[in-house]
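Undergrad: Start counting at 1 in the sequence shown, then tack on 20, and there's your number in this note's numbering.
Honestly, the hints are just simulated from the structure, not real lab data. Ideal Cβ placement from N, Cα and C applies to all residues, glycine included. A hint or two may mislead.
What the hints assert, rightly or not - Derived CB-CB ranges, DEER-like:
#, residue 1, residue 2, range
1, T102, M71, 30 to 40 Å
2, F61, L109, 21 to 31 Å
3, M100, G138, 34 to 44 Å
4, L156, Y123, 32 to 42 Å
5, F61, K28, 11 to 21 Å
6, I36, L109, 24 to 34 Å
7, A165, D132, 25 to 35 Å
8, V93, Y123, 26 to 36 Å
9, R135, H106, 36 to 46 Å
10, T102, F61, 26 to 36 Å
11, D98, S137, 41 to 51 Å
Stated by the list, open to error - Below, a list of computed lysine-lysine pairs in the DSS-like style, where the Cα atoms sit at most 30 Å apart:
#, residue 1, residue 2
12, K162, K70
13, K70, K128
14, K59, K70
15, K59, K128
16, K139, K128
17, K67, K162
18, K108, K59
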Amino acid sequence: MIGYEWLKFWHFAAFISWMAVLFYQPRLYVYHSENLENKDFIRVIKKQEKMLFHGIGWIAMIITYISAILIIVFYKPDLMKTGYFHIKLLCVVLMSIYHFSMYYFLVKFKNDACRLSGKFFRAYNEIPTIIMFVILWAMLVKPYA
């Protein structure tokens, strides 16, 4: 069985990778939405959007989930009894919803059907940062322990 420290390593590494995708994917959507008339650029950006989301995003999210579940089941089952962990779980659900919204926009852009502005995606890009801060606050400060 893989040790606790290794699971924690994979959890942190995957979470950081997942967050990188959730920070950069909307930035690609900004570029996409602001350059709809440039067909050569759109062809390239569509590849980048797809590769980032499918090549890193899904994998990082799944490794984050699996490592967290293994940590809880085999090493830290008492976490489920703490208030701060429930805050984290709520944030993970919200982050996952955000992740799936990125997929929704990916499909819309792939089909040339997304008409949202770059300004929208700039604002939308702030959501994972806020959720990440709440996760870090919950797990490091440990309120409601």
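Undergrad: Taking the earlier hints as the rules, which of them does this structure contradict?
TA: 2, 4, 5, 6, 7, 10, 12, 17 and 18
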